[in-house]
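Peer 1: Residue numbers (the numbering used here), protein chains in the order written: chain A, 1 to 311; chain B, 1001 to 1202.
The hints are simulated quantities; they were obtained by calculation from the structure and are not laboratory data.
Among the hints, a few may not be true.
As the list claims (entries may be wrong) - Facing chain B, from chain A, some residues (calculated, C-beta under 8 Å):
id	residue
1	17
2	55
3	64
4	98
Note that the Cβ used here is the ideal one computed from N, Cα and C, for glycine as well.
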Amino acid sequence: MSAMMPWMRQSEDELISAYIDGQLDDPSRQSFEARINADPALHKRVEATRTLVKTARQTPVVVAPRNFTLPRAATAARRDMPASRLGWRIGSALAAAVFVIAIGLDTIGLGQLAQSPVVPPPAARVAQSFAAKAPASTQNSPAETDSSGGAANDSRAMPATVESSPVATAAPAATAAPAPTRAFAAAAKVAVTPTNSVQMLAPQIATGTPETLPAPKALSITSTPEVAPGAVSRLAATTTSVSEATPSQTLALVTPYEITATFESTMEAPAEALSAAPSMPPQQEVDILRITALIALAVAIAAGIIGWLRR
Amino acid sequence: MDESTLINSAQRGDIDAFNTLVLSYQSQVYNVAYRIMGDVAPAADATQETFISAYKNIKSYRGGSFKSWLLRTVTNACYDALRYNKRRPATSLDAMGENPDGSENDTGASYADFIASDEETPAEAAERHELRRAIANGLTGLPPDQRITFVLSDVQGMSYDEIADAMQTSLGTVKSRLSRARARLREYLLTETELIGDGRRH
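Looking at chain A on its own, in the form it has when it is part of the complex (with noise of 0.2 Å):
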């Protein structure tokens, strides 16, 4: 026995353990008394552990020292701190609610505006308004906006078509228009297949200079029907040049993709959209609302810690 395995000799003290407790079943017992009887090592250990357990039990009780009564005074500090800490919880919840609302307005809406700055917001009005009266522009001189023949005669039957509005006319007024009339918006129109159009805002295309060259007053990005997935971000790309373009320019561009735009200097927005601009610029109101979420995720921290360091 003196050559032990470690496992062994674990498995053999758990044996003196119950063998001591008197958790064996006969058998077991017996067999183990058997092992005691014939191993001299093994039956020291187990007299030795039997010895230690019986001195441990008859540890005196000790008193103790004083009495461990709690004062009134913890009752009342107990019953005061559930409503001083549901107060921390909420001031946590309610900052942490701040906080994830200013960060999705950020992320979801006011940052797109903050992408176009020099756009006010009223400007998608005067793009609505501008992209209903496309059609009517459209029917009166297709052909000069049409670059690719033939296809213009089928304009009016294939729901890919191009439409556009006066072109060339519209340009000579452009520099000559006063600024408070100029609408740097209109409508763009990105048909990529019959059944999938992407409409985007004329803001985001009319990156040019406002005050040489107005901005496309309707805008349509027609595909042939094997236009490619994905296109849509191509065409996207595309209208950034055609807005920097001058106004004289035929935008017809990029096979299988036909792009006309259409100009118009004298394009008054309405004034009430104008009027509506608001006081604050965009990336302004962003900066408030990252603000507002960090002063937000503060408070949360700061009460978090308050309320832990409370309780």
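Keeping the supplied structure of chain A fixed, place chain B upon it in accordance with the hints.
Peer 2: Coordinates of chain B only, in the frame set by chain A:
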């Protein structure tokens, strides 16, 4: 007033009812804490912490043995304190509640605790006293799990089931920890002292 009535009153915030329970159990709780911690001050701290925690959480008590519930709380408090301190108690020599000169120590252990009984000679009583001190020293070298298990089983005389409940562990784990604790203490007594085994003095 019986225990269940006192517990119900304490759950409604009756501090007097709770203090009645404290007076009933503080000796058992303190003894467990004292044997585990090995010193008066940390044992008193653990005992006080136990009753404060019990009062705060008494609404979570859902019946069963109130003693086991308190012992579970005190073992948790001691376990946390042992893990926090890491260092061994400075006055572990007195952890078994006896002083060599037979005087009453600050735990309240009396001279009668270690005088010879009718069945043993003064020499045997002195040896028993020395053996307890050796066990107390050996206890300080055990891991907290094994130390608590040994105290609950062999000092407090709790059953395996009660220990498993107090330590919130399985019966098999209790048996394993207890056997390892006994084996380590036994080896300590055999090698570091001559109180048991072949070197035992008679």
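Peer 1: Evaluate each hint against the coordinates.
Peer 2: Cross-check of the supplied hints:
no.: 1; hint: 17; result: holds (4 Å)
no.: 2; hint: 55; result: holds (5 Å)
no.: 3; hint: 64; result: holds (4 Å)
no.: 4; hint: 98; result: violated (32 Å)
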